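**Q** Below, each chain spelled out in residue letters.
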Amino acid sequence: MVEPISSGLQLTADGKLKHLLTIEGLPAQVVLQILDTARSFVSVTEQEVKKVPLLRGKAIFNLFFEPSTRTRTTFEIAAKRLSADVVNLNIATSSQTKGETLLDTVANLTAMNADMFVVRHSQSGAAHLIARHVGPNIHVVNAGDGRHAHPTQALLDAFTIRHYKGSFDDLRVAIVGDVLHSRVARSEIHALNVLGAKEVRVIGPRTLLPRHVRDLGVSVFYDVRSGLEGVDVIIMLRLQSERMGGPLLPSAGEYFKYYGLTPDKLTLARPDAIVMHPGPMNRGVEIDSTVADGGQSVILPQVTFGIAVRMAVMGILAGN
Amino acid sequence: MRTLPDAERLLSDLAEQIQSDPRPGTALVGIYTGGVWVAERLQQVLALPGPIGTIDVAFWRDDYKKTGMRPGVKPSDIRFDVEGSDIILIDDVLYTGRTIRAAMNEIFDYGRPSSIRLAALVDRGGRELPICPQYVGAQLRVEPHQTIVLRRDSTGALSLVLESADG
Chain A
496 MVEPISSGLQ LTADGKLKHL LTIEGLPAQV VLQILDTARS FVSVTEQEVK KVPLLRGKAI
556 FNLFFEPSTR TRTTFEIAAK RLSADVVNLN IATSSQTKGE TLLDTVANLT AMNADMFVVR
616 HSQSGAAHLI ARHVGPNIHV VNAGDGRHAH PTQALLDAFT IRHYKGSFDD LRVAIVGDVL
676 HSRVARSEIH ALNVLGAKEV RVIGPRTLLP RHVRDLGVSV FYDVRSGLEG VDVIIMLRLQ
736 SERMGGPLLP SAGEYFKYYG LTPDKLTLAR PDAIVMHPGP MNRGVEIDST VADGGQSVIL
796 PQVTFGIAVR MAVMGILAGN
Chain B
205 MRTLPDAERL LSDLAEQIQS DPRPGTALVG IYTGGVWVAE RLQQVLALPG PIGTIDVAFW
265 RDDYKKTGMR PGVKPSDIRF DVEGSDIILI DDVLYTGRTI RAAMNEIFDY GRPSSIRLAA
325 LVDRGGRELP ICPQYVGAQL RVEPHQTIVL RRDSTGALSL VLESADG
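If you're matching them up, the sequences are chains A and B in order. To convert, count from 1 in the first sequence and add 495; that's my numbering. To convert, count from 1 in the second sequence and add 204; that's my numbering.
Isolated chain B, as found in the complex:
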């Protein structure tokens, strides 16, 4: 199995990129599950105030007709005032862009942000929508049947794993 980059190092890279592009009043919104882990860590490193926002896009997805309701949907939770905020949307692995489209739709149901930027730990390409991240930890090309999965161990350390659909 090929080695994937160290997720902890990618996280530091991502934090540096965001730090070098500061905007006052920035708020982080993580997408379940991996994006929330990344957002929680970035929140600490960037020493941002308040709780992060979390989003589960299950109710906004465009594949509901094909797959039905996914079990284990998490409640979305955005405590800060979205109206006029500068949001950085955070996901672990950016692929087709459909999740990001769904997440942006959901954010707009809370209010009208001034801006939304996108940060992803990994960009694996394969976009099906005109969505482009501002901050990326690493670009990785993997086979279509493969999935890059972010894991978190009991100490909170993050790591990347490559999984294949054919086992």
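Next comes chain A alone, as it looks inside the complex:
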């Protein structure tokens, strides 16, 4: 896919969110509106009936061209709690394998009166391509495209940080691990910068940090110990198994030794620092089980908040 990835596509002429494709270029007020709205949806999940009638009669298609359990499930729950009708399509096993193009698939689903597409694809720019070609009343949410962006994960991480830390002004946030291949890291950096975090650090081996990562507005650390010094938030990234033992990394054991978050390394951060992970975790590779299950871990609350944040995104989009 050689389509240029621009963020202008996602806002209407009067600055309202029409699609959510990337955090890059989103005004702070749009990001804050999503976070504020999500807070109200958290209270919906505490009700006896965990549902609101907002999207009643709307059809939302989850188009997953790449496997995902957590993201697809939380999008599905979020859509159902908004009273939408949800259809899950795992296209790796569907007509795409019979040769249908991405846009033909979307055209067919549009003919079935889809109102919103939630798209996960291994190619960067796939959600943008769809957004460019759908009708005026159809909304597209990027649920992860290649190495490019995973905006709802970044928003739920921002929501989690705000929940535990209140404001971003004085926060030092460390993102640790395979930043090079991580769409989550890229979206998080944009979100934390637009929300005004004091410092965003990326920590990882030289081979797993993008060459021009400083241009994204972060400080770079190759040494995890100095990088974790005094931080308020630690976001551990998943080390994808296909990278292990490849040309960029010696072995999973070696990686854990240098970059895995252990109780010992955690003491370098502030005592009230929180530990986050977008999942799925590799215990004993990027994070020690004692830390993952420990008192500073907010990894499971992240999942819960992810539903409220995705409800907010879909609720705002469908109304614009």
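If you're looking for bench data, these hints aren't it; they were derived computationally from the structure. Careful, some of the hints might be misleading.
To be verified - Think about it this way: if two alpha-carbon atoms lie no more than 20 Å apart in a straight line, the pair counts; the simulated DMTMM-like pairs of lysine to aspartate or glutamate are:
(1) A:K553 - B:D285
(2) A:K575 - A:E595
(3) A:K545 - B:E367
(4) A:K575 - B:D313
(5) A:K546 - B:D285
(6) A:K545 - B:E287
(7) A:K511 - B:D267
(8) B:K269 - A:D610
(9) A:K545 - B:D266
(10) A:K553 - A:D509
(11) A:K752 - A:D710
(12) B:K278 - A:D509
(13) A:K546 - B:D267
(14) A:K513 - B:D267
(15) B:K270 - A:D664
(16) A:K546 - B:D281
(17) A:K545 - B:D285
(18) B:K278 - A:E595
(19) B:K270 - A:D610
(20) A:K575 - B:E367
(21) A:K553 - B:D266
(22) B:K269 - A:D509
(23) A:K546 - B:D266
(24) B:K278 - A:D531
(25) A:K545 - B:D313
(26) A:K546 - B:D290
(27) B:K269 - A:D580
(28) A:K546 - B:D217
As the list claims (entries may be wrong) - Quick list of the computed label-pair ranges, beta carbon to beta carbon:
(29) B:D281 - A:D664: 48 to 58 Å
(30) A:V544 - B:D267: 20 to 30 Å
(31) B:S318 - A:G510: 40 to 50 Å
(32) A:N603 - B:G276: 34 to 44 Å
(33) B:A369 - A:K511: 17 to 27 Å
(34) B:Q248 - A:D788: 21 to 31 Å
(35) A:R778 - B:Q248: 45 to 55 Å
(36) A:S714 - B:S318: 58 to 68 Å
(37) B:E367 - A:T564: 30 to 40 Å
Keep in mind it's a predicted model, so treat the numbers as computed, not measured. From the three backbone atoms N, C-alpha and C, an ideal C-beta is built for every residue, glycine too.
Given chain A, put chain B in place with the hints provided.
**A** What follows is chain B alone, placed relative to chain A:
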């Protein structure tokens, strides 16, 4: 500009009406924003136990298709057990009744109350749904383009203001 009645006096009237019709185990639920202010004050005057419930009906409104998601939605917060409770729903200005319909729908998502009564500081008429308040501070007729707004100053005192859509 015409003078509107004193909101503080209407509040006392409303409290008296509710007091003269006592039911044990009554709980107040205020609708954001003005209704919450009124509910907080009534809670003090009536010396009811526990926190009041608060509701933002944004997710239950019937005009979402026209207006989209309103910014500044507040979290609804009902801490008491709604199942079997006697609720007084409180709003500042009662108009079409659509907000009340949405609020009742939301309350039922928390549980099945024994009863719901409705109290409003001001009833401006113009109902579009079969909804009727049990307790009203004042009935006021104003022009359709005008809005009655409840304000709260830094001391917590309430007042009513008339605003016109044409400025």
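**Q** Decide, hint by hint, whether the structure agrees.
**A** Outcome of the hint check:
1. A distance of roughly 32 Å separates the Cα atoms of A:K553 and B:D285; the hinted pair therefore is violated under the 20 Å criterion.
2. With a CA separation close to 29 Å, the supplied pair A:K575 and A:E595 exceeds the 20 Å bound.
3. A C-alpha spacing of about 37 Å is found between A:K545 and B:E367, which places the hinted pair above 20 Å, so the restraint is violated.
4. Using a Cα cut-off of 20 Å, the hinted pair A:K575 and B:D313 holds, with the two alpha carbons roughly 15 Å apart.
5. With a C-alpha separation of about 18 Å, the suggested pair A:K546 and B:D285 falls inside the 20 Å cut-off, and the hint holds.
6. Note on A:K545 and B:E287: the hinted pairing holds, with a Cα-Cα distance of about 16 Å set against a maximum of 20 Å.
7. Between the alpha carbons of A:K511 and B:D267 the distance comes to roughly 18 Å, so the proposed pair stays at or under 20 Å and holds.
8. The suggested pairing of B:K269 with A:D610 holds, with an alpha-carbon distance near 13 Å, which does not exceed 20 Å.
9. Distance restraint check for A:K545 and B:D266: the Cα-Cα separation of roughly 19 Å lies within the 20 Å cut-off, and the hinted pair is therefore satisfied.
10. Restraint check for A:K553 and A:D509: not satisfied, since their Cα atoms lie roughly 24 Å apart, outside the 20 Å limit.
11. Distance restraint check for A:K752 and A:D710: the Cα-Cα separation of roughly 29 Å exceeds the 20 Å cut-off, and the hinted pair is therefore not satisfied.
12. Of the pairs offered as hints, the one joining B:K278 and A:D509 is violated, with about 24 Å between alpha carbons and a cut-off of 20 Å exceeded.
13. Our distance criterion of 20 Å between C-alpha atoms is met by A:K546 and B:D267, whose separation comes to about 18 Å.
14. As the CA atoms of A:K513 and B:D267 are separated by approximately 19 Å, the hinted pair is consistent with the 20 Å bound.
15. Simply put, B:K270 and A:D664 have alpha-carbon atoms about 36 Å apart, too far for the 20 Å limit, and the pair is violated.
16. Annotation: proposed proximity of A:K546 to B:D281 holds, straight-line Cα distance about 15 Å (limit 20 Å).
17. Between the alpha carbons of A:K545 and B:D285 the distance comes to roughly 16 Å, so the proposed pair stays at or under 20 Å and holds.
18. A hinted pair counts as satisfied when its Cα atoms are at most 20 Å apart, and B:K278 with A:E595 does not qualify at roughly 45 Å.
19. This hinted pair checks out: B:K270 and A:D610 have alpha carbons roughly 16 Å apart, not beyond 20 Å.
20. Taking the CA atoms of A:K575 and B:E367, the gap is near 39 Å; set against the 20 Å cutoff, the hint is violated.
21. Of the supplied pair hints, the one linking A:K553 and B:D266 holds, its CA atoms being roughly 15 Å apart against a limit of 20 Å.
22. Proximity of B:K269 to A:D509 is assessed by CA-CA distance (about 18 Å); at most 20 Å being required, the pair is judged to hold.
23. For the suggested pair A:K546 and B:D266, the alpha carbons sit about 15 Å apart, so the restraint of at most 20 Å is met.
24. Distance restraint check for B:K278 and A:D531: the Cα-Cα separation of roughly 8 Å lies within the 20 Å cut-off, and the hinted pair is therefore satisfied.
25. Under the criterion of a C-alpha separation no larger than 20 Å, the hint pairing A:K545 with B:D313 is consistent with the structure, at around 7 Å.
26. Restraint check for A:K546 and B:D290: not satisfied, since their Cα atoms lie roughly 23 Å apart, outside the 20 Å limit.
27. Of the pairs offered as hints, the one joining B:K269 and A:D580 holds, with about 17 Å between alpha carbons and a cut-off of 20 Å not exceeded.
28. Of the pairs offered as hints, the one joining A:K546 and B:D217 is violated, with about 37 Å between alpha carbons and a cut-off of 20 Å exceeded.
29. With their beta carbons about 27 Å apart, B:D281 and A:D664 fall outside the hinted range of 48 to 58 Å.
30. One distance hint, 20 to 30 Å for the beta-carbon pair A:V544 and B:D267, holds here, with the actual separation near 22 Å.
31. For the hinted restraint 40 to 50 Å between B:S318 and A:G510, the CB-CB distance of approximately 47 Å keeps it satisfied.
32. The hint said 34 to 44 Å for the Cβ distance between A:N603 and B:G276, and at roughly 39 Å that hint holds.
33. Checking the proposed 17 to 27 Å range against B:A369 and A:K511 shows it holds: the Cβ atoms sit about 22 Å from each other.
34. Between B:Q248 and A:D788, the C-beta spacing of about 45 Å breaks the proposed range 21 to 31 Å.
35. Separated by about 53 Å at the C-beta atoms, A:R778 and B:Q248 satisfy the suggested range of 45 to 55 Å.
36. Checked against the given bound of 58 to 68 Å, the beta carbons of A:S714 and B:S318, roughly 60 Å apart, stay inside it.
37. Our hint of 30 to 40 Å for B:E367 and A:T564 is violated, since their Cβ atoms are close to 51 Å apart.
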